[in-house]
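All chains should be built: construct the whole structure from the sequences, respecting the hints.
Sequences listed follow chains A and B, in order. Just so we're aligned: 256 in numbering that gives the first Met the number 0 is position 257 of the first sequence, and the numbers increase by one with no gaps anywhere. Just so we're aligned: 314 in numbering that gives the first Met the number 0 is position 315 of the second sequence, and the numbers increase by one with no gaps anywhere.
Hints are supplied without guarantee of correctness; some may be wrong.
[Stated by the list, open to error] Okay, derived cross-link-like pairs now, BS3-like style, lysine-lysine, Cα gap no bigger than 30 angstroms in a straight line:
id : chain 1 : residue 1 : chain 2 : residue 2
1  : B       : K342      : B       : K498
2  : B       : K403      : A       : K139
3  : B       : K394      : A       : K308
4  : A       : K308      : B       : K403
5  : A       : K139      : B       : K150
6  : B       : K390      : A       : K308
7  : A       : K139      : B       : K390
8  : B       : K383      : B       : K372
9  : B       : K201      : A       : K139
These aren't lab readings, by the way, just hints derived from the structure by calculation.
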Amino acid sequence: MTWLTPTLIAVVIGILKAIVILLAVVICGALLSFVERRLLGLWQDRHGPNRVGPFGAFQLGADMLKMFFKEDWTPPFADKMIFSLAPVIAMGSLLVAFSVIPITPTWGVANLNIGLLFFFAMAGVNVYAVLFAGWASNNKFSLLGAMRASAQTLSYEVFMGLSVMGIVAVTGSFNMREIVEAQHQGWWFIVPQFFGFCTFFIAGIAVTHRHPFDQPEAEQELADGYHIEYAGMKWGMFFVGEYIGIVLISALLVTLFFGGWHGPFLETLPWLSFVWFALKTAFFIMIFILLRASIPRPRYDQVMAFSWKFCLPLTLINLLVTGAVVLYSAQPAIGQ
Amino acid sequence: MTADTALSASALAPAGEASVVGELQGQFGADALTLQDTRTGMPVIWVARERIIEVLRFLRNLPRPYVMLYDLHGVDERLRTHRRGLPNADFTVFYHLLSIDRNSDVMLKVALSANDLRLPTATGIFPNANWYEREVLDMYGIHFDGHPLPKRMLMADNWQGHPLRKDYPARATEFDPYALNAAKQDLEQETLRFKPEEWGMKEHAENSDFMFLNLGPNHPSAHGAFRIILQLDGEEIVDCVPEIGYHHRGAEKMAERQSWHSYIPYTDRIDYLGGVMNNLPYVLSVEKLAGIKVPSRVDFIRVMMAEFFRINSHLLYLGTYIQDVGAMTPVFFTFTDRQRAYKVIEAITGFRMHPAWFRIGGVAHDLPRGWDKLVREFLDWMPKRLDEYEKAAMKNSILVGRTKNVAVYNTKEALEWGVTGPNLRATGLDFDLRKARPYSGYENFEFEVPIAHNGDCYDRGMLRVEEMRQSLRIIEQCLQHMPEGPYKADHPLTTPPPKERTLQHIETLITHFLQVSWGPVMPAGEAFQMIEATKGANSYYLTSDGSTMSYRTRIRTPSFPHLQQIPAVIRGSMVSDLIAYLGSIDFVMADVDR
Chain A
0 MTWLTPTLIA VVIGILKAIV ILLAVVICGA LLSFVERRLL GLWQDRHGPN
50 RVGPFGAFQL GADMLKMFFK EDWTPPFADK MIFSLAPVIA MGSLLVAFSV
100 IPITPTWGVA NLNIGLLFFF AMAGVNVYAV LFAGWASNNK FSLLGAMRAS
150 AQTLSYEVFM GLSVMGIVAV TGSFNMREIV EAQHQGWWFI VPQFFGFCTF
200 FIAGIAVTHR HPFDQPEAEQ ELADGYHIEY AGMKWGMFFV GEYIGIVLIS
250 ALLVTLFFGG WHGPFLETLP WLSFVWFALK TAFFIMIFIL LRASIPRPRY
300 DQVMAFSWKF CLPLTLINLL VTGAVVLYSA QPAIGQ
Chain B
0 MTADTALSAS ALAPAGEASV VGELQGQFGA DALTLQDTRT GMPVIWVARE
50 RIIEVLRFLR NLPRPYVMLY DLHGVDERLR THRRGLPNAD FTVFYHLLSI
100 DRNSDVMLKV ALSANDLRLP TATGIFPNAN WYEREVLDMY GIHFDGHPLP
150 KRMLMADNWQ GHPLRKDYPA RATEFDPYAL NAAKQDLEQE TLRFKPEEWG
200 MKEHAENSDF MFLNLGPNHP SAHGAFRIIL QLDGEEIVDC VPEIGYHHRG
250 AEKMAERQSW HSYIPYTDRI DYLGGVMNNL PYVLSVEKLA GIKVPSRVDF
300 IRVMMAEFFR INSHLLYLGT YIQDVGAMTP VFFTFTDRQR AYKVIEAITG
350 FRMHPAWFRI GGVAHDLPRG WDKLVREFLD WMPKRLDEYE KAAMKNSILV
400 GRTKNVAVYN TKEALEWGVT GPNLRATGLD FDLRKARPYS GYENFEFEVP
450 IAHNGDCYDR GMLRVEEMRQ SLRIIEQCLQ HMPEGPYKAD HPLTTPPPKE
500 RTLQHIETLI THFLQVSWGP VMPAGEAFQM IEATKGANSY YLTSDGSTMS
550 YRTRIRTPSF PHLQQIPAVI RGSMVSDLIA YLGSIDFVMA DVDR
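The structure is reproduced here in structure tokens:
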């Protein structure tokens, strides 16, 4: 048994952990479709799906069955390769981005030095899903949706990166675990980086194309925009991709601003770290859904104006002030 | 009281009406005009075809002018027997003009002979004549010389025949069986293809191409089978063409082969959110023909139910309007409220959306026991909900940002396009038919007419919230002062007739039997009633030829001109603005296409 070296065992365990985490994320994402409908029902004075199983819990199974057996129709006028590629990117890019999230001190897919940058890269790739879908569908509504998506993403990715640079400046690292640890030693970053939090949250909604930044879909205007021509599992991948996006952004918000897995009683009960992480993430997921239930959708040019005229200056000021504070507190060390 | 006011109106002729005949005679000479005696409550004047444009322009430019072309349509006169004293005509085109300053109307009629169905267009004077003239062309085959776009309006472009002509069959069984082969299908598809050149649109700008986006007839925000073709430069709407007719059911044609009584359920389905509100102008109009004066309890019941449906329709409007702007939740709450209203409506009428509950000379039943408790419950429930909508949705800054200064038009433009109802009052003009021309005893109620001033999407939304509050006030007064008395007029033409005495007198029994089997015979004549419906001025212009059926039923609906106005308002705006605008108009396609 010489080939069963400790390294190999570690690798196998690592891979298994990764598979478990990513599978859990996908299942969470799929389950969210049910959770969202129940929550919307609660807030909208109606029941939501409550027929299949206890409290409608098996609705997801019914939906998946339906989706799997639906005709997977590719329009004859579509660009077939790109048309099929788009949903893969939509789901894949965000799922891969989840690998940088540290869930507990011991669980996480990858511990990258450039964790935060990796997320930005994947968020950038995610736009191609919408662009490809909108372009390859060869449909005018899709095209308008894709146009909106590209303009919106361009505007929001600019300040999304800047919004968390304050954190990077304070911790001096792009590594997510180090960012979490830094919050353990000081305050959670929601306090010193409040404006960073606000802008990152807004940009995060924009990245997932969730209401009120669902301009590329805008059911009332573009009748579902970029994925209007999709059906069956391809559509399902867009759908689950959107929920994975919600899970991802919520997890990121927790990691970057709310101390990750940290919480009380961790010393005595280390397994609570997962509970804290899950609870915090669930809270933000719920905020996403509540937002959808509560506010109207601004016009597309208003969304752009809000990005360039309000969010971008705010993040810049936030970064400047953070930089100044970092420099000021570092000064005595230089003086000594 | 309704019938009385109508009769006296034509007999005494209020100042505005008497003077307009004088003014016209002074200008054109008494010989040029033929006056027709009707029960429409307005002067009806026959004018020669050669002079009609002159007369229209004169009326448009009078001091205290007739600013609105309220209606324009035709009549096939060829089978009409009772037309003594009228100029010879195979077809008639009538122009119904409305003056706000005089608060009165005038109707001009032009006689046409079957071998020369031509008229000059009135689009130069009233821009909204455009669609009306197209519809007359469509329905009667009357051509309007100089019309900018002489195409069919409601029927498909390759349709054969003119449906409202008397020689056009009304039943499907009178046609050969329908067949569709591949060639015919291709032909039909081809006629649906949008060709920008036909509409005077360019396909290319100087350096770029325009995108033509086909919004509808199946689109979540089109509120029914409504197609609007957008000429886009990016997301900016350069121009657009609204296309209607997908919901056309020939309601006016059906009226010509239904008895006066059995047509009532059809009226329900004109503005399908208006319920009994649709019955009202029809039965009032028939009552004018019959000379029925209804008891005051009937008036009160009718007003109460009509206001219930106004609230019901406005609630649906409010929910969908907010949803069109992107907020998904309020619509569920407004539907909960509508359910509350339906609870009362169902208890009183036995039906929900389409009760068909008003009758000629009364209503179908008396109010059930305990109705007052139900109404009271609704009155207690509603006001706080309205406050909540206002606070939570209408004052939301995103909603305000989406709707303020969007799709603005002023009073002058509104009148030019024939806009009525809340959409007109949102521009600042205080013109509510319940106040301006009270019917069904509205003059006895205390309520205010909400007015807004900017004429934008936001005002149109807010105005309706306020209108619901006023409707609640009216219902409250109905509840408190509901008079005792019969729910049917004691009149030979009341349908169905009161039954109490039928088993005592043979004469009453015979009359009752004939009326129920054949339907009542209305005296020959013309009558007209305009009401403030949920979406604007709705009216029925009835022509009776002394038969059990109507000779011609013209239904003027508010949504038709509202849709015609769209391109004039929305040019230069974004696609999202169009959606907010469509949401703020409050139209249903059945009300447009009839």
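>> For K403(B) and K139(A), compute the direct alpha-carbon distance and say whether it is at most 30 angstroms.
In response: holds, 28 angstroms
> Is it true that the CA of K342(B) sits at most 30 angstroms from the CA of K498(B)?
Replying inline: Roughly 29 angstroms between the alpha carbons, so the hint for K342(B) and K498(B) holds.
>> Hint check: K394(B) vs K308(A), CA-CA at most 30 angstroms. Holds or violated?
In response: Holds: K394(B) and K308(A) sit about 23 angstroms apart, inside 30 angstroms.
>> What's the verdict on K139(A) and K150(B), does the C-alpha distance respect the 30 angstroms limit or exceed it?
In response: holds, 27 angstroms
> Is K383(B) within 30 angstroms of K372(B), Cα to Cα?
Replying inline: holds, 19 angstroms
> Between K201(B) and K139(A), does the CA-CA distance stay at or below 30 angstroms?
Replying inline: The hint holds at about 18 angstroms.
>> Holds or violated: K139(A) and K390(B), Cα atoms, limit 30 angstroms.
In response: Roughly 37 angstroms between the alpha carbons, so the hint for K139(A) and K390(B) is violated.
> Within 30 angstroms, alpha carbon to alpha carbon, are K308(A) and K403(B)?
Replying inline: Measuring from Cα to Cα gives roughly 20 angstroms; hence the hint holds.
> Do the alpha carbons of K390(B) and K308(A) lie within 30 angstroms of each other, as the hint requires?
Replying inline: holds, 28 angstroms
When the structure is compared with the earlier hints, a violation turns up for hint 7 alone.
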